[in-house]
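4 protein chains.
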Amino acid sequence: MTTGLKIVTIGGGSSYTPELIEGFIKYHSDLPVREIWLVDVEAGKEKLEIVGNLAKRMVKEVGVPIEIHLTLDRKEALKNADFVTTQFRVGMLAARGKDESIPLKHGVLGQETNGPGGLLKALRTIPVILDICREMEELCPNAWLINFTNPAGMVTEAVLRYSNIKKVVGLCNVPIGMEMGVAKLLNVDHSRVRIDFAGLNHMVYGLDVYVDGVSVKDEVISLITDPEKSITMQNIHAMGWEPEFLQALNVFPCPYHNYYYKSGDMLEKELKNFKEGGTRAEVVKKLEDELFELYKDPTLAIKPPQLEKRGGAYYSDAAVRLIHSMYTDKRDIQPVNTINRGAIAGLPYESAVEVSCVITKDGPKPITMGELPVAIRGLVQSIKSFEQVAIEAAVTGDYGTALLAMTINPLVPSDRVAKVILDEMLEAHQAYLPQFSYSMV
Amino acid sequence: MTTGLKIVTIGGGSSYTPELIEGFIKYHSDLPVREIWLVDVEAGKEKLEIVGNLAKRMVKEVGVPIEIHLTLDRKEALKNADFVTTQFRVGMLAARGKDESIPLKHGVLGQETNGPGGLLKALRTIPVILDICREMEELCPNAWLINFTNPAGMVTEAVLRYSNIKKVVGLCNVPIGMEMGVAKLLNVDHSRVRIDFAGLNHMVYGLDVYVDGVSVKDEVISLITDPEKSITMQNIHAMGWEPEFLQALNVFPCPYHNYYYKSGDMLEKELKNFKEGGTRAEVVKKLEDELFELYKDPTLAIKPPQLEKRGGAYYSDAAVRLIHSMYTDKRDIQPVNTINRGAIAGLPYESAVEVSCVITKDGPKPITMGELPVAIRGLVQSIKSFEQVAIEAAVTGDYGTALLAMTINPLVPSDRVAKVILDEMLEAHQAYLPQFSYSMV
Amino acid sequence: MTTGLKIVTIGGGSSYTPELIEGFIKYHSDLPVREIWLVDVEAGKEKLEIVGNLAKRMVKEVGVPIEIHLTLDRKEALKNADFVTTQFRVGMLAARGKDESIPLKHGVLGQETNGPGGLLKALRTIPVILDICREMEELCPNAWLINFTNPAGMVTEAVLRYSNIKKVVGLCNVPIGMEMGVAKLLNVDHSRVRIDFAGLNHMVYGLDVYVDGVSVKDEVISLITDPEKSITMQNIHAMGWEPEFLQALNVFPCPYHNYYYKSGDMLEKELKNFKEGGTRAEVVKKLEDELFELYKDPTLAIKPPQLEKRGGAYYSDAAVRLIHSMYTDKRDIQPVNTINRGAIAGLPYESAVEVSCVITKDGPKPITMGELPVAIRGLVQSIKSFEQVAIEAAVTGDYGTALLAMTINPLVPSDRVAKVILDEMLEAHQAYLPQFSYSMV
Amino acid sequence: MTTGLKIVTIGGGSSYTPELIEGFIKYHSDLPVREIWLVDVEAGKEKLEIVGNLAKRMVKEVGVPIEIHLTLDRKEALKNADFVTTQFRVGMLAARGKDESIPLKHGVLGQETNGPGGLLKALRTIPVILDICREMEELCPNAWLINFTNPAGMVTEAVLRYSNIKKVVGLCNVPIGMEMGVAKLLNVDHSRVRIDFAGLNHMVYGLDVYVDGVSVKDEVISLITDPEKSITMQNIHAMGWEPEFLQALNVFPCPYHNYYYKSGDMLEKELKNFKEGGTRAEVVKKLEDELFELYKDPTLAIKPPQLEKRGGAYYSDAAVRLIHSMYTDKRDIQPVNTINRGAIAGLPYESAVEVSCVITKDGPKPITMGELPVAIRGLVQSIKSFEQVAIEAAVTGDYGTALLAMTINPLVPSDRVAKVILDEMLEAHQAYLPQFSYSMV
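Chains as they are written, first to last, in UniProt numbering: chain A, 1 to 441; chain B, 1 to 441; chain C, 1 to 441; chain D, 1 to 441.
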């Protein structure tokens with residue numbers, strides 16, 4: 001019998017992979033990874049080889065006994081896996097560009113995770129993840145699926161509702177970024193910060209914020225109304241908040257809430273950026289090209305510091321930290337996407353939610369958060385409704401269902417505009433939407 | 001001991017009152033009304049006398065033994081009342097004009113019932129209704145309060161949560177209008193139509209639609225996508241619906257849903273109307289003035305047919321029909337606003353909802369509607385969140401809570417714009433918002 | 001195209017059938033029954049012919065154009081049926097005798113509907129009803145299934161959870177008996193009494209009791225503490241209630257609650273009766289034999305008055321009244337067993353409950369009852385847990401699940417005694433429990 | 001400003017106190033207790049002095065700087081406390097004897113925590129705990145109340161519902177005993193065992209059982225069917241379980257479940273013991289007397305090993321472990337009684353439940369357990385109904401409510417017997433039930 005863990009990373013050719021490798025190296029003493037399989041599709045072969053060779057140099061450099069395998073054969077990779085991580089992007093960055101630009105053309109925010117762009121990303125991604133689940137069922141039925149492909153909340157719920165894989169966790173770097181942001185703002189170490197996270201992926205709130213177990217929520221809320229001190233992400237411009245609004249809201253919003261509580265202002269800014277210099281996807285594309293140039297350097301054997309500008313800070317770190325806690329039954333608290341089961345009262349029992357969990361060998365166990373404050377219930381349920389309808393559209397390929405999802409999205413101004421945007425986007429992404437082929441005839 | 005019922009109508013000087021009187025005359029054989037007290041405030045005295053005198057002529061004309069009393073003394077009126085109906089408007093039509101025009105000035109729909117305008121209407125109205133409740137508790141503790149002052153849903157919930165009056169029903173003419181619309185569309189008698197209503201006031205859906213007990217929902221949905229056949233109200237321009245959207249939505253929306261599923265288009269149209277000819281409030285003001293001219297005619301002793309253009313069609317009819325069914329324990333089905341108690345799963349147990357009820361002497365008993373379809377849950381919960389926060393703001397007079405309500409309203413684009421609109425509206429309505437006097441210093 | 005309704009009655013050879021026929025005759029003017037098919041099994045052939053011939057004489061006597069068909073071919077009968085009523089008894093009265101006597105032998109109440117006897121009755125009956133559902137799906141997919149085979153609550157829930165038939169109603173004579181009892185107690189006409197029924201079959205409470213829409217609950221509760229005025233059934237000995245207990249309970253219990261709130265006293269009484277004269281099943285058997293002797297009389301062409309002593313008073317009356325209201329979309333209120341969907345908060349959404357419903361052509365629509373009073377929630381949920389486990393045992397034929405159901409029944413004192421009783425009962429009913437054949441090897 | 005913690009122990013004269021002192025000594029390095037106030041009532045003065053002097057010797061012996069204060073003045077003790085622990089017993093062991101013996105006299109199990117005896121214990125204890133809460137509100141509003149006075153679940157819920165103290169935790173040694181039992185059974189260290197606890201106090205189940213994060217539930221269930229391997233308590237005789245029953249139940253029951261799943265057998269055994277040698281209370285009384293003899297020994301300066309036979313093993317250990325984790329924000333998992341808030345779906349949101357929690361400085365945060373398995377929902381809800389009615393009786397002193405609680409308890413066979421037992425018990429405990437004085441006139 002072999003010992004050590006087999007890790008499979010689907011979308012292994014991603015620019016994030018060096019961070020993941022760095023994480024597995026760091027934790028190797030009590031997370032005995034034997035082999036890491038980096039899997040990608042034909043179109044990503046070149047990137048897979050570049051980043052895969054860097055990965056090989058990294059493990060060699062530090063001398064840990066991890067084998068790196070590069071393959072386009074997903075089934076071979078999945079066989080007997082212990083953990084499967086997914087970080088693929090159907091249609092790559094070019095698709096993301098369309099997710100952002102087509103809505104903007106019609107005066108609507110694209111918001112590639114839970115806006116119109118996110119709908120199309122879900123339509124492209126969910127059928128692929130369900131294929132992976134079917135293969136896992138056969139080839140590695142006991143493996144855990146750690147998904148960080150966006151829209152991570154919808155992908156997790158699709159797996160929970162439409163596959164036989166129950167061992168799934170969705171992971172996002174937004175909550176960990178919020179913790180890091182608070183630590184920096186208050187000038188304390190990250191380990192001393194704990195946040196009661198509750199909500200949905202990219203729609204998560206800190207219901208309370210603690211340092212050393214003592215609530216500092218009021219202080220954090222007071223500080224972040226200042227745009228200079230706003231806690232945000234690479235890709236979201238901080239605007240600050242109206243102080244009386246945020247005090248009355250009385251919870252700590254995530255950066256993506258700018259899209260909902262400031263949709264008018266965000267739209268204006270994105271339209272301006274779009275006219276001036278293109279979408280975020282184009283910025284990212286440029287960053288990625290630069291990163292891959294660095295990765296090609298045969299003398300490079302560490303994760304290059306430039307990767308942190310990429311916008312996905314902490315993603316891979318969060319993934320390895322999660323796998324480590326699961327493997328060691330560490331019972332520490334981490335925010336992940338998992339089945340609700342009443343952890344957040346008022347959201348569907350069977351739905352995926354993003355919530356602080358105790359991480360055990362048996363998976364994440366959500367901490368009970370109770371009822372959401374009245375003021376945030378509506379928006380959270382709106383996005384959950386959108387997510388559920390979007391998932392159904394992805395699975396059925398039904399045009400009306402997709403139009404329904406688009407129309408009920410809070411960023412979309414009418415059924416008429418929804419139809420215009422949807423039609424143009426379905427056309428643009430046709431190659432990645434086989435389930436809609438009939439609708440699009 | 002006196003026999004017969006004492007009815008009190010607060011806001012008795014309303015132009016709707018003749019319809020109410022007509023109703024009580026029509027049902028007099030088994031709804032033995034002994035006296036009707038029309039109550040108004042000093043500012044409405046002239047209108048009260050005009051309409052009150054018409055009411056007296058009406059009962060005299062047909063010879064029913066109903067006494068009409070006109071008074072500015074609300075307490076005297078309430079003493080030993082059996083039913084109290086409320087149709088007052090704090091600040092009268094001038095206030096409604098501001099509710100509509102101030103948001104429009106800032107590019108936002110006013111929507112005087114559950115939009116920014118509705119928030120201010122709630123802030124003005126709720127303290128008055130709670131005063132009335134305190135008086136009822138003392139003077140007529142066994143009376144039923146039948147409220148049709150808008151925002152009827154919020155007013156009902158405010159009574160349920162913040163007063164000791166539990167015998168309250170909120171009434172709206174939207175559902176009855178939808179039934180009438182279906183009857184006309186399908187060319188059948190109104191009595192043959194039954195709709196499973198569920199939702200909130202001005203945010204109600206027909207979950208199913210029946211003629212003679214057989215579902216005709218698909219047919220209705222198919223017909224109303226045509227703007228010519230749309231079922232709407234005097235004050236809402238019909239635009240039709242994207243057919244695939246409505247089929248996927250798979251429920252029968254109310255006219256006010258145009259504000260949410262077509263907010264962009266509605267805004268455009270209202271801005272155009274506003275520039276051209278003012279707000280709906282101004283149109284209504286003109287209609288009212290004409291009506292009161294008619295009412296003054298000492299030879300008039302019936303409800304004049306022109307009243308139906310007023311926009312509040314069926315309001316008083318619905319009120320008398322309700323009181324009649326309650327008094328006679330008729331057990332027929334009518335849609336009203338009442339406490340949820342699980343009738344609509346997923347909405348708060350203690351909240352007011354608009355739902356089909358069996359009308360008994362012991363009050364309305366909601367028919368169980370189960371879970372709302374996924375696609376509509378989010379919007380309904382959003383409006384309910386807005387309502388709950390708005391009610392809290394009305395009761396506490398807290399500025400931040402009012403700003404929170406304004407910001408989370410789906411029609412408002414950002415916390416920044418919310419603050420601009422709110423500040424201007426609080427200023428404009430200052431005379432009717434004593435609870436905010438401290439905030440406004 | 002044929003006009004008029006086709007009714008199929010499974011278990012048509014029952015002694016109750018004349019009441020059913022009488023009902024269809026009574027309502028014939030607006031419930032146009034064309035044909036009634038009485039279906040039975042080979043073992044019941046003789047009774048089917050006796051009662052069927054009486055049915056034929058009854059319709060002939062009054063001259064209504066209803067055809068009576070007698071058959072052992074269930075599939076032929078079901079073809080194109082409009083309503084299917086089920087009143088069969090697997091194993092006939094002999095089986096009921098065992099359901100009662102075997103537990104008593106071990107010092108435990110049999111309680112043939114939701115006690116140990118009820119468990120075995122469920123195990124025998126549920127597979128048969130699911131067979132009927134499969135046939136209905138094919139032969140009359142639009143028909144309504146009106147079940148009054150006991151245990152009616154479990155049978156209804158089994159159909160809802162384990163068949164594709166959604167048009168099912170479970171019917172019981174207990175609630176109508178409670179209404180009649182109140183009418184008699186207060187000396188008012190039955191039509192003036194309305195009860196808010198909520199609970200489970202044979203575990204239903206009147207949450208409130210009205211005469212002409214005014215609550216008389218306190219009076220009823222006060223009266224029925226007197227055993228002389230207790231409202232009960234032929235088969236349940238009235239014992240009255242401790243007055244302070246019933247006042248604190250503050251709801252109107254059903255006769256079967258004697259088994260739970262007075263289990264000790266009931267057991268004592270049944271043990272005494274058992275020693276003296278056998279079980280209730282034996283009494284019923286004797287009554288039935290006498291009835292069939294009467295039915296044979298070729299000059300008899302009406303329902304004989306002796307039938308009312310049989311204990312199932314109002315059963316068939318309730319059934320025809322229900323079918324009549326459904327067919328005519330009458331929208332009156334009747335208590336039936338149907339899917340909960342939140343009507344009774346705290347009970348499972350998908351479970352069958354017994355609750356006051358508005359009866360429409362589209363089926364029964366439960367009136368929202370809200371949370372059960374705290375004091376009764378536990379017992380109701382206990383019985384529901386028992387029912388759910390019992391149904392699962394009936395469907396799976398799993399011995400452990402059956403033992404679990406038996407042990408958690410509130411009437412059973414221990415897992416040890418449960419096993420003794422279960423083993424003896426499985427053995428005794430072996431012929432009717434094919435799904436347990438493997439367990440019983 | 002003083003540093004270090006002030007601990008107050010109400011019922012400080014208990015024989016358990018040395019274990020508590022031992023715990024505070026053990027954890028002193030990172031739980032800086034400055035002073036411990038042992039409080040008792042006049043009747044317990046002698047015991048307080050004996051055990052208090054032992055406590056003083058214990059801290060002196062090891063040289064930790066903890067001051068021990070003995071007092072009968074509760075208010076003086078509570079002033080500025082950080083943690084208040086309650087382990088008092090109203091009426092002392094003599095009262096427990098009556099709780100057990102009076103029901104037995106009438107053929108009913110006393111079960112002093114959630115049976116008839118538990119009802120009377122609740123009636124005596126809850127008014128006292130609410131007095132303490134009122135004093136805490138004034139004298140130490142930021143303190144945590146750690147209650148281990150039984151019935152701990154009812155006491156916790158009474159505090160949550162009827163006091164202004166929200167910082168309350170109920171503690172019991174049953175769950176820790178179950179963990180210890182599993183550890184011993186499987187021969188692993190306690191730290192490797194984790195159980196998903198869910199239910200109520202003395203009605204708690206292990207939904208799953210893990211060693212090193214891997215489920216061993218099936219193995220545990222299989223082992224404990226053997227009475228020799230049953231996990232039980234000093235005061236509950238192990239009887240083993242019917243294997244097929246326990247496998248179908250599929251959760252790990254607590255020792256007190258013997259009273260419910262084996263009530264017949266337990267009753268038989270207790271009646272036998274009662275006739276032979278008296279109640280458990282008498283056995284405990286004898287043990288206590290022996291312990292106090294030991295405690296008097298001025299050379300004794302450690303917790304004597306004989307204390308472990310007392311039956312309350314791990315109680316004080318659990319208490320100190322909990323306080324330690326709270327103080328240090330340890331975030332480890334411990335089972336306690338706390339407000340549900342959806343942690344266990346289907347139980348009331350505001351009720352106390354016993355559930356695995358993450359222990360933080362901000363209190364216990366329940367891990368979400370989801371729906372209880374169908375088979376156990378009924379019994380748990382039955383006991384919760386009983387608890388809620390019992391608490392209401394304790395607070396109101398209403399005789400009918402007390403009779404209702406007694407009658408709905410699953411161990412009580414009828415309203416009639418309930419009344420007999422209740423009347424006798426109210427009489428016997430009259431001195432400690434001032435709120436019932438009116439009823440008992």
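Source of the hints: derived by calculation from the structure; they are not laboratory data. Given the structure is predicted, the values throughout are model-derived calculations rather than measurements. You may find that some hints are simply not true.
Stated by the list, open to error - So the derived label-pair ranges between C-beta atoms look like this:
(1) Val214/C x Lys275/D: 53 to 63 Å
(2) Asp30/D x Asp362/A: 23 to 33 Å
(3) Asn80/D x Val214/C: 33 to 43 Å
Claimed, not checked - Derived BS3-like pairs (lysine-lysine); straight-line CA-CA distance at most 27 Å:
(4) Lys419/D x Lys275/D
(5) Lys275/C x Lys419/C
(6) Lys286/A x Lys275/A
(7) Lys217/B x Lys166/C
(8) Lys272/A x Lys105/B
(9) Lys275/D x Lys330/A
(10) Lys217/B x Lys167/C
(11) Lys361/B x Lys184/C
(12) Lys309/C x Lys286/C
Where is the CB? At the ideal position from N, CA and C, for every residue including glycine.
Taking the earlier hints as the rules, which of them does this structure contradict? Checked against the structure, the hints that fail are numbers 3 and 9, while the rest are satisfied.
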